[in-house]
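Take these sequences, add in the hints, and give me the full structure.
Here's the letter readout for the chains.
There are 2 protein chains.
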Amino acid sequence: MALLVQKFGGTSVGSIERIEAVADIIIRQRQQGHHIVAVVSAMSGETNRLLALAKQVDSSPSPRELDALVSTGEQVSASLLAMALIRRGYPAISLLGDQLGIRTDNLFTKARINDINSARLRQEIEHGRIVIAAGFQGRDLEGNITTLGRGGSDTSAVAIAAAINAQECQIYTDVDGVYTTDPRIEPGAWKLSSVSVQVMLEMASLGAKVLHIRAVEAAAHYKMPLRVLSSFSVGEGTRVDYEDEGMQQQTVSGIASKREQALIFINDCSNDGSTLANIVELLAEKGIEIDMINQVNQKVGKVDYAISVPSLELQQAMSLLQESDALSGAKIDSRDDLAMLSIVGAGIKTNTPITGRFFRVLADENIDVVVASSGEIKLSVLIERKYLELGVRALHAAFLTASE
Amino acid sequence: MALLVQKFGGTSVGSIERIEAVADIIIRQRQQGHHIVAVVSAMSGETNRLLALAKQVDSSPSPRELDALVSTGEQVSASLLAMALIRRGYPAISLLGDQLGIRTDNLFTKARINDINSARLRQEIEHGRIVIAAGFQGRDLEGNITTLGRGGSDTSAVAIAAAINAQECQIYTDVDGVYTTDPRIEPGAWKLSSVSVQVMLEMASLGAKVLHIRAVEAAAHYKMPLRVLSSFSVGEGTRVDYEDEGMQQQTVSGIASKREQALIFINDCSNDGSTLANIVELLAEKGIEIDMINQVNQKVGKVDYAISVPSLELQQAMSLLQESDALSGAKIDSRDDLAMLSIVGAGIKTNTPITGRFFRVLADENIDVVVASSGEIKLSVLIERKYLELGVRALHAAFLTASE
Chain X
1 MALLVQKFGG TSVGSIERIE AVADIIIRQR QQGHHIVAVV SAMSGETNRL LALAKQVDSS
61 PSPRELDALV STGEQVSASL LAMALIRRGY PAISLLGDQL GIRTDNLFTK ARINDINSAR
121 LRQEIEHGRI VIAAGFQGRD LEGNITTLGR GGSDTSAVAI AAAINAQECQ IYTDVDGVYT
181 TDPRIEPGAW KLSSVSVQVM LEMASLGAKV LHIRAVEAAA HYKMPLRVLS SFSVGEGTRV
241 DYEDEGMQQQ TVSGIASKRE QALIFINDCS NDGSTLANIV ELLAEKGIEI DMINQVNQKV
301 GKVDYAISVP SLELQQAMSL LQESDALSGA KIDSRDDLAM LSIVGAGIKT NTPITGRFFR
361 VLADENIDVV VASSGEIKLS VLIERKYLEL GVRALHAAFL TASE
Chain D
1 MALLVQKFGG TSVGSIERIE AVADIIIRQR QQGHHIVAVV SAMSGETNRL LALAKQVDSS
61 PSPRELDALV STGEQVSASL LAMALIRRGY PAISLLGDQL GIRTDNLFTK ARINDINSAR
121 LRQEIEHGRI VIAAGFQGRD LEGNITTLGR GGSDTSAVAI AAAINAQECQ IYTDVDGVYT
181 TDPRIEPGAW KLSSVSVQVM LEMASLGAKV LHIRAVEAAA HYKMPLRVLS SFSVGEGTRV
241 DYEDEGMQQQ TVSGIASKRE QALIFINDCS NDGSTLANIV ELLAEKGIEI DMINQVNQKV
301 GKVDYAISVP SLELQQAMSL LQESDALSGA KIDSRDDLAM LSIVGAGIKT NTPITGRFFR
361 VLADENIDVV VASSGEIKLS VLIERKYLEL GVRALHAAFL TASE
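Sequence lines, in order, name chains X and D. Position one of the first sequence corresponds to residue 1 (full-length UniProt numbering), numbered consecutively onward. Position one of the second sequence corresponds to residue 1 (full-length UniProt numbering), numbered consecutively onward.
Hints are computed from structural coordinates only; laboratory data are not their basis. Every value quoted in this text rests on a predicted model; they were computed, and no experiment measured them. Treat the hints with caution; some may be incorrect.
Intra- or inter-copy, both count: the list cannot distinguish identical chains.
Cross-link-like lysine to any residue pairs, in silico, SDA-like; alpha carbons within 20 Å at most [to be verified]:
#, residue 1, residue 2
1, K286, S324
2, K331, A119
3, K55, A21
4, K302, R49
5, K55, E20
6, K286, S374
7, K386, E260
8, K349, I185
9, K209, A220
10, K55, D24
11, K55, S15
12, K331, L276
13, K223, V175
14, K110, D140
15, K55, R18
16, K331, V300
17, K386, D364
18, K55, G14
19, K55, E17
20, K55, R87
21, K331, N271
In structure tokens:
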């Protein structure tokens, strides 16, 4: 008999039929004697419907009011799921952010959880109830509703699991686990039965969409065992674990990719030591994600930078840089035909021949590397977007041929 | 400079355009220097949409979960209205049931307000903010969300107005005040500039739909000055007041009607003294409204009753009565072709000729009275439904010819 936290995303509760299917999953675990806390997202489409209403009122609505508005999405799905369980004769109760004791800071629309007062949650579990927790939401010290930003319900689930010392936090989604690479690109990709948290962190940040990076960070912070499963099929999913020896098992665990990448060239900057810091701060302030930074000192006193950003954010990034006083005099240019390709695995840094083989595989396919970047457990390159699928398949064949 | 509570119903906030129009109304009062607390219902249609979702899950859903679900409707409209005010540069903040300190009992879906801890509400007002309060909702002692049942947002508004000692509680709706009778039946009906709370109570209970009876009861309880206005046009509306001398001004204030009435005949009941109590309790338990009760003792030891109920509830009432052990042996029958017609006014009881004139007017039009009932300030009859419009117009002409 275990205490399990199960998180169900928007597509998993996207309709009444899906909510009934989630009730089936919960009841299956319950019948095995487990205590269950289910954390739910809003029904898919609902958050966008609410945001569209807000945009009709104000193109940049009050963040506090936006959180009060959008948090209703999880309230609706949580109460409907509780109703579905009660109808089948199981004692269930939905709890909202304040009833769950989730206290956050007051950074509306992107709040962070400070602590969880789990008194009521524990009491409901002791009374034998299945608790359906509204994800994504909390309250600040003044009692205002806050939301946790992207991936927020995953973060809620991990934080709740940690607060009540759950045995495992299960993230139910529309795929049945973490794959060696995107099976839509490489049909030979296989599901990993387990993956180390370090590898999972890199894969999430390098483009694997199955888990949000903030949820993995939260799990790593609490050392909470995480499992990714499908709410559409039965299976063991992929377990994210914290065993150090697990780090050595696989040299390369997976191939990650991001399709829409752009590169910004900032040439002839004055080399005063703070230019790069200025650039990064400027973009980070607006939430623009920088994936790679390349610095070249070609001329005396001058420096060139190449910075990769998601294509969607290129226009905003270019405006910010062109208007920046710190970059006056620099030549700023960009290209938007790139993709990022990465291999991730615990053995990459220690097993040096991997790096050579990585570039050899790409060269053999005539794929030019525009920018390269390496880390403890990953190797990333920017390549022309049209070669992305070819690159994924070639690397998968080279590094992940052996069956797991 | 006054402190005003303004309540806006579902049609008043039924679309983004309507919400903007409500913002106009609030800003007009604000510009006159008043402090405003606006209480809102859910956007029209939203509560029904949520109830339909619940019914898809369970034909009789858990009342606690139903309240958690349905209360999101007011949360959405409150935050959208706050956004609209903020966009125009006015400091506004939406507050929910718990933030408003509205404590209720735990009778989910029909809770009653026990008390209001208005600390935060007062603080926001002191800070110069326009408070947008989500109507219809509160929290029980355990922190569960409750809703107040029909007319709940009106009740919220009156209770909040009382808690903060507001000068006036303004109920904005889709008509511009209380009329002498329904203008769709009698185009010569006129708007009353004021009406006593006793008359308003009778008119609400006898079919005038402009104010819900529970809101008038709450206003009477707190002696809170109430005003009914239109959110679709500018005007002074109708003021509900507590001046005793006002009672004497109008002999007959208005003509009220209920179109769909049925009459249940229960004949040959055993006359054991508790039969009527049994009947009333049986129907009241299921929330069936009894408008008139007529008792006749025709035979020794036997008694006949005629009980009027809304047509919509006739079938349920008949089933309950036919299955009741207390009425075994009685003959139970019904007719469903009736309407109720009433005159309401402070002078009706004291000005005895009115009663004679009332029945004379109906007789002159060949309208048969099926059942009659009188009270301190009203006279009601059941007549055949097809004569309803004729009766309203004849009584209006007889009692309300003089211009106000």
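For each hint, the structure was consulted:
1. Taking CA atoms no more than 20 Å apart as the test, K286 paired with S324 passes inside one copy only; the shortest distance there is 14 Å, against 71 Å between copies.
2. Taking the shortest Cα distances, K331 and A119 never come within 20 Å of each other, neither inside one copy (58 Å) nor across copies (58 Å).
3. For the identical chains of this complex, K55 and A21 are inter-copy neighbours only, at 17 Å across copies versus 33 Å inside a copy, given an alpha-carbon limit of 20 Å.
4. For the homomeric pair K302 and R49, neither the shortest alpha-carbon distance inside one copy (49 Å) nor that between copies (63 Å) is at most 20 Å.
5. Taking the shortest alpha-carbon separations for K55 and E20, only the inter-copy value of 13 Å comes in at or below 20 Å, while the best intra-copy value is 32 Å.
6. Proximity of K286 to S374 under the C-alpha cut-off of 20 Å is found in neither arrangement, the shortest distances being 26 Å within a copy and 72 Å between copies.
7. Taking the shortest alpha-carbon separations for K386 and E260, only the intra-copy value of 11 Å comes in at or below 20 Å, while the best inter-copy value is 71 Å.
8. Taking the shortest Cα distances, K349 and I185 never come within 20 Å of each other, neither inside one copy (26 Å) nor across copies (86 Å).
9. Proximity of K209 to A220 under the C-alpha cut-off of 20 Å is restricted to the intra-copy arrangement: shortest distance 17 Å within a copy versus 59 Å between copies.
10. For a Cα distance limit of 20 Å, the shortest separation of K55 from D24 across copies, 19 Å, qualifies, whereas the shortest one inside one copy, 37 Å, does not.
11. Only between protomers do K55 and S15 lie at most 20 Å apart by alpha-carbon distance; the minimum there is 13 Å, versus 25 Å within a single protomer.
12. Proximity of K331 to L276 under the C-alpha cut-off of 20 Å is restricted to the intra-copy arrangement: shortest distance 15 Å within a copy versus 94 Å between copies.
13. In this homomeric assembly, K223 and V175 never come within 20 Å of each other (Cα to Cα): the closest approach is 23 Å inside a single copy and 61 Å across copies.
14. Proximity of K110 and D140 under a CA criterion of 20 Å is satisfied intra-copy only: 12 Å inside one chain copy versus 30 Å between copies.
15. Within a single copy, K55 and R18 get their C-alpha atoms only as close as 29 Å, which misses the 20 Å cut-off; across copies the closest is 15 Å, which meets it.
16. Proximity of K331 to V300 under the C-alpha cut-off of 20 Å is restricted to the intra-copy arrangement: shortest distance 16 Å within a copy versus 110 Å between copies.
17. Proximity of K386 and D364 under a CA criterion of 20 Å is satisfied intra-copy only: 16 Å inside one chain copy versus 91 Å between copies.
18. In this assembly of identical chains, the alpha carbons of K55 and G14 lie at most 20 Å apart only when taken from different copies (16 Å versus 23 Å within one copy).
19. Taking CA atoms no more than 20 Å apart as the test, K55 paired with E17 passes between copies only; the shortest distance there is 13 Å, against 30 Å inside one copy.
20. Taking the shortest Cα distances, K55 and R87 sit within 20 Å of each other only across copies (11 Å), while inside one copy they are farther apart (37 Å).
21. Proximity of K331 and N271 under a CA criterion of 20 Å is satisfied intra-copy only: 14 Å inside one chain copy versus 102 Å between copies.
When each numbered hint is compared with the structure, violations occur for hints 2, 4, 6, 8 and 13.
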